[in-house]
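**Student:** Since the structure of chain D is provided, determine the placement of chain B on it from the hints.
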Amino acid sequence: MKVLPSSTALPCALRYKMRQSGIGIGIYFAFFIGLGVLAPLIVVAALQSTQGQGTFGGTDVIFSSMIFVGILAGVSSSSDFKFFIQNGFSRGKIVWISILSIAIVSVAQGLIITALALIVNNVFPTLYSVEVLFATSYAYGGFGVMVPTSHFFLIWFLSAVMLFLASSIGLLIGIFLDRTGTVVRLIVCATVIVVVPLLISIFQFLPMWWKAFFGRLVGFGENGHMTPWPFAATLLVISALVCAGAALLNRRREIKRVNA
Amino acid sequence: MTLKISHLTKRYKEKQALNNVSLTFEPSTIYALLGNNGAGKSTLLNIINNRIFTTEGEVELDGEPVIDNSPALRHLYLMSEDNLFPPSMKVSTIFTMTEGFFGGFDWDLANHLINGFELQTSLSFKKLSTGYRTITKLIAALCVPANYIFLDEPVLGLDATHREFFYRELIQTFSDRPRCFVISTHLIEEISHLVESVVIIDDGVILEQGDAESMERSAFSVEGSPDLAEEFTANLDVLSSNRITGQMTVYVKGTVPPDVPAGLRIEYLGLQDYFVRLAQAHKFGQNPSLRTMDSDFTDDSHDSHNSTEVAR
Chain D
2 MKVLPSSTAL PCALRYKMRQ SGIGIGIYFA FFIGLGVLAP LIVVAALQST
52 QGQGTFGGTD VIFSSMIFVG ILAGVSSSSD FKFFIQNGFS RGKIVWISIL
102 SIAIVSVAQG LIITALALIV NNVFPTLYSV EVLFATSYAY GGFGVMVPTS
152 HFFLIWFLSA VMLFLASSIG LLIGIFLDRT GTVVRLIVCA TVIVVVPLLI
202 SIFQFLPMWW KAFFGRLVGF GENGHMTPWP FAATLLVISA LVCAGAALLN
252 RRREIKRVNA
Chain B
1110 MTLKISHLTK RYKEKQALNN VSLTFEPSTI YALLGNNGAG KSTLLNIINN
1160 RIFTTEGEVE LDGEPVIDNS PALRHLYLMS EDNLFPPSMK VSTIFTMTEG
1210 FFGGFDWDLA NHLINGFELQ TSLSFKKLST GYRTITKLIA ALCVPANYIF
1260 LDEPVLGLDA THREFFYREL IQTFSDRPRC FVISTHLIEE ISHLVESVVI
1310 IDDGVILEQG DAESMERSAF SVEGSPDLAE EFTANLDVLS SNRITGQMTV
1360 YVKGTVPPDV PAGLRIEYLG LQDYFVRLAQ AHKFGQNPSL RTMDSDFTDD
1410 SHDSHNSTEV AR
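Quick mapping for you: the protein sequence lines, in order, are chains D and B. Read in order, the letters of the first sequence correspond to residues 2 to 261 in the numbering used here. Read in order, the letters of the second sequence correspond to residues 1110 to 1421 in the numbering used here.
Next up, chain D with everything else stripped away, as it sits in the complex:
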């Protein structure tokens, strides 16, 4: 038996990650389609048959998906690290595998939610809608449109970008929790709780040109027009910064003993 070059281990590691994520995504969509789409759809259809055409239902799919992929990335971070270290991976490779796998998961999940939204919205236009918040608004150019029925690729792309941001934040939190003890976690949590409202307060008092600048960064134009590319670029830059933070935190990560 001969040890093969380390590059052959990467496809195997990615297959492992995809299988693990695939199971998670499968469970999520089984619940979402069952409880978030089919069950309310049946209820709305039953109500329409008794009360007439006025009844209409709907749900958003992007925020629950973002929370889910964030948790998935965070929760699997610790067990992946242990498993890959056991099998001879460097920390650099481990973080690349994590980033690559959350990117693939984001694209796949973005595809599924976009397809799901377009199918439901085109098949049951008078009964039920699946919204893809923000992605739809940016795709159609304004907050007025929430229910997508077209612009498949743009909504897919924007969904994937939003999911990637959520996953990278989940990954960063997962590594942070794995590396730190209770006291540090509490200090950082307290800092975030204090700083976020402070930043929001400061933002309110900023001069108009600053507000306009931040607005343009996320694609808000004049007259309420929303352009998708600055929004996507900003989210991708933030995601890249978060991933860089995750890679930095991962550089000196160690296995915690015993039966870590």
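The set of hints was computed from the structure by calculation and includes no laboratory data. Check the hints yourself; a few may be wrong.
[Claimed, not checked] No farther apart than 16 Å at their CA atoms in a straight line, the calculated lysine to aspartate or glutamate pairs in the EDC-like style are these:
{"#": "1", "chain 1": "D", "residue 1": "Lys257", "chain 2": "B", "residue 2": "Asp1191"}
{"#": "2", "chain 1": "B", "residue 1": "Lys1113", "chain 2": "B", "residue 2": "Asp1191"}
{"#": "3", "chain 1": "D", "residue 1": "Lys94", "chain 2": "B", "residue 2": "Glu1165"}
{"#": "4", "chain 1": "D", "residue 1": "Lys257", "chain 2": "B", "residue 2": "Asp1312"}
{"#": "5", "chain 1": "D", "residue 1": "Lys83", "chain 2": "B", "residue 2": "Asp1177"}
{"#": "6", "chain 1": "B", "residue 1": "Lys1113", "chain 2": "B", "residue 2": "Glu1167"}
{"#": "7", "chain 1": "B", "residue 1": "Lys1362", "chain 2": "B", "residue 2": "Asp1312"}
{"#": "8", "chain 1": "B", "residue 1": "Lys1124", "chain 2": "B", "residue 2": "Asp1268"}
{"#": "9", "chain 1": "D", "residue 1": "Lys94", "chain 2": "D", "residue 2": "Glu255"}
{"#": "10", "chain 1": "D", "residue 1": "Lys83", "chain 2": "B", "residue 2": "Glu1190"}
{"#": "11", "chain 1": "D", "residue 1": "Lys83", "chain 2": "B", "residue 2": "Asp1191"}
**Tutor:** Only chain B this time, still in chain D's reference frame:
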């Protein structure tokens, strides 16, 4: 392929776990890494295998740094009491994944061990008992194509039958495919006949390193009346001594002098006894008065079946 450890130091806030450790592990050799609890054995193995970082020092495989270097790390494999496999992963998947990561797996040996240990590979890792978790990790370690296999407490939770089976199979796989094994265990007697070389570590420093056979013959005990024993060992390198109800046993490092007076009984120490006495001597090194232990009880630590009576 040689694994060289140079000036390894690991400091924690409260403790220095390793202090300037330098070692070389040669290929195709079975090593025993011996040390008391907290001596630094697991810390050393965890650093070599990239699980934790060293404070100072280098680990090199044929001159290439090992720490966080994937190509070098694929020649090393550590099986330890830490459970690093995903708990919900099936045992069979653990083996196929290990094959995928290392690019090879000795399935003939794996199937032989699975049958020998009666391991249920359809179960998930978390559903196994402590013993069978150890067995799963052992099978992975013995079947990967790595050149350096580190076994940290390899028989944890194994019953006597399984331990004997493991030792037999270890010898067999070593003769079939020689590679370097480093075995860290507290069950010294059980592995003493397997190992070729021994490293003794205590308080983070290497006390001794050498081949097992000569180490077993490098110390002896002198038993007799206190006056006679003390006089005979006065100019020898005494490790420690015991006084038990009018009798004295002195443990001495070195070869047995030719002229042993009548009334003294001389025996070579086995590996375990030698390790115990050496560690004791190191522990009490800064306070020589503690080297002599007065007791009214029988000294159980001296296991006579390991000792060889020498000619007077």
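**Student:** Look at each hint and say if it fits the structure.
**Tutor:** Now the hints, each set against the structure:
1. D:Lys257 / B:Asp1191: Measuring from Cα to Cα gives roughly 9 Å; hence the hint holds.
2. B:Lys1113 / B:Asp1191: violated, 24 Å
3. D:Lys94 / B:Glu1165: Judged against 16 Å, a Cα distance of about 23 Å means the pair is violated.
4. D:Lys257 / B:Asp1312: With Cα atoms ~21 Å apart, Lys257 of chain D and Asp1312 of chain B exceed 16 Å; violated.
5. D:Lys83 / B:Asp1177: holds, 14 Å
6. B:Lys1113 / B:Glu1167: holds, 8 Å
7. B:Lys1362 / B:Asp1312: violated, 20 Å
8. B:Lys1124 / B:Asp1268: The given pair, whose Cα atoms are some 34 Å apart, is violated under the 16 Å limit.
9. D:Lys94 / D:Glu255: Holds, because 15 Å separates the two Cα atoms, which is no more than 16 Å.
10. D:Lys83 / B:Glu1190: Given pair Lys83 of chain D, Glu1190 of chain B holds - Cα atoms ~13 Å apart, limit 16 Å.
11. D:Lys83 / B:Asp1191: holds, 10 Å
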